[in-house]
Amino acid sequence: MLETLRQAALVAVAGLGVGLAGNALSPRPAPLGRPVHAAAEATAGACVEGSSGVPAAPIPRISAQEAAAMCAACTAGFVDARSARDYEAGHVIGAVHLPPVGHPEEAAVLARLAALPAVIVYDDDTSCALAEGVARRLQQRGVREVRVLAGAWPAWVAAGGPGASGACHLCQHGPEASR
Amino acid sequence: MRERILALLRIGLGAAFVYAAVVKLPDMAAFAEDVANYRLLPAALVPAFGSSVVGVELLAGLALVAGVAARGAALVLSGLMLAFVGAVSQALLRGIDLRCGCFGGAAPASWWTVGRDLFILGGALVVLVLGPGRLFPRRGDAG
Numbered sequence: 000m001l002e003t004l005r006q007a008a009l010v011a012v013a014g015l016g017v018g019l020a021g022n023a024l025s026p027r028p029a030p031l032g033r034p035v036h037a038a039a040e041a042t043a044g045a046c047v048e049g050s051s052g053v054p055a056a057p058i059p060r061i062s063a064q065e066a067a068a069m070c071a072a073c074t075a076g077f078v079d080a081r082s083a084r085d086y087e088a089g090h091v092i093g094a095v096h097l098p099p100v101g102h103p104e105e106a107a108v109l110a111r112l113a114a115l116p117a118v119i120v121y122d123d124d125t126s127c128a129l130a131e132g133v134a135r136r137l138q139q140r141g142v143r144e145v146r147v148l149a150g151a152w153p154a155w156v157a158a159g160g161p162g163a164s165g166a167c168h169l170c171q172h173g174p175e176a177s178r
Numbered sequence: 000m001r002e003r004i005l006a007l008l009r010i011g012l013g014a015a016f017v018y019a020a021v022v023k024l025p026d027m028a029a030f031a032e033d034v035a036n037y038r039l040l041p042a043a044l045v046p047a048f049g050s051s052v053v054g055v056e057l058l059a060g061l062a063l064v065a066g067v068a069a070r071g072a073a074l075v076l077s078g079l080m081l082a083f084v085g086a087v088s089q090a091l092l093r094g095i096d097l098r099c100g101c102f103g104g105a106a107p108a109s110w111w112t113v114g115r116d117l118f119i120l121g122g123a124l125v126v127l128v129l130g131p132g133r134l135f136p137r138r139g140d141a142g
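Protein chains in written order, with numbering that gives the first Met the number 0: chain A, 0 to 178; chain B, 0 to 142.
If you're looking for bench data, these hints aren't it; they were derived computationally from the structure.
This one's a predicted model, so the numbers in the text were calculated from it and none came from an experiment.
By construction, the Cβ of each residue, glycine as well, lies at the ideal position given by its N, Cα and C atoms.
It is possible that part of the hints are untrue.
As the list claims (entries may be wrong) - Here are some, though not all, of the chain A residues that point toward chain B, as calculated from beta-carbon distances under 10 Å:
| id | residue |
| --- | --- |
| 1 | L4 |
| 2 | V10 |
| 3 | V17 |
| 4 | R27 |
| 5 | P28 |
| 6 | H36 |
| 7 | A83 |
| 8 | G89 |
| 9 | P98 |
| 10 | A106 |
| 11 | A107 |
| 12 | L109 |
In isolation and in its complexed conformation, chain A is listed as follows (with noise of 0.2 Å):
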């Protein structure tokens, strides 16, 4: 009986150091100084234009329609704040991948973002909370002009938006897709 809680202890100790060094190696590693937040509780907030009741946002939201004519007139970036599997099953063209907790890349993708006229965040949550909550960080980081895609991603589908997983053609000195 000893034994075996020796080994499990032996086990769980290492196990913690094998997690560790494989957050490092992995290509998309969780940040361990920053904390996490579950999706909703990110953030509040309407993401559907004109919902009763509901306090308003401090983002202003933009509807797909409009998303759609500034993506095509290449006036504005898209920022998908989806998880990295919901980005790679298919994302507004020419979005790059931010979500909540980041990437290796942010900084670079920041510096390309504030250099933009716009910039449109979406989720794929009619809540809009993840949109919100990177929305917000990036009005921290200094991009000035940022709305949230209201009805998220299913609008932007419903709508007739472009969508790919490569980089966007429409908007040849914009941002490229990222993961």
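Given chain A, put chain B in place with the hints provided.
Only chain B this time, still in chain A's reference frame:
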């Protein structure tokens, strides 16, 4: 015969945990998001806890496959599975709609997940109580 069945159970169990860890390694940030969505841990602890879970799954899984410190690994994995059963159950009872995060991918957590985890817990307890078994008989046992 019993020893061989135990050994096969141990190896199968270990392989499942190694697989569960290996599919999470390429995207540890996504697994941290999955852990956070259970809303059980302080946000500051989520990344380190998520990383540790993957490491323990990997190491304990390898230990079971190799038959080294197998009882200890089975004890650790029993505790882990008990924690998973509790975490998924509380999320379902609280009406939290979330991804399981168990084997990577986007599979949603459900009562089926709880049942599967209980089944794996049962396997780990068998190895813990009855021992790691033996795939091949000891020299001399056959004669």
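The hints, checked one at a time:
no., hint, result
1, L4, "holds, 7 Å"
2, V10, "holds, 5 Å"
3, V17, "holds, 4 Å"
4, R27, "holds, 5 Å"
5, P28, "holds, 5 Å"
6, H36, "holds, 5 Å"
7, A83, "holds, 5 Å"
8, G89, "violated, 13 Å"
9, P98, "holds, 7 Å"
10, A106, "violated, 16 Å"
11, A107, "violated, 17 Å"
12, L109, "violated, 17 Å"
Of the hints listed earlier, those the structure fails to meet are numbers 8, 10, 11 and 12, in rising order.
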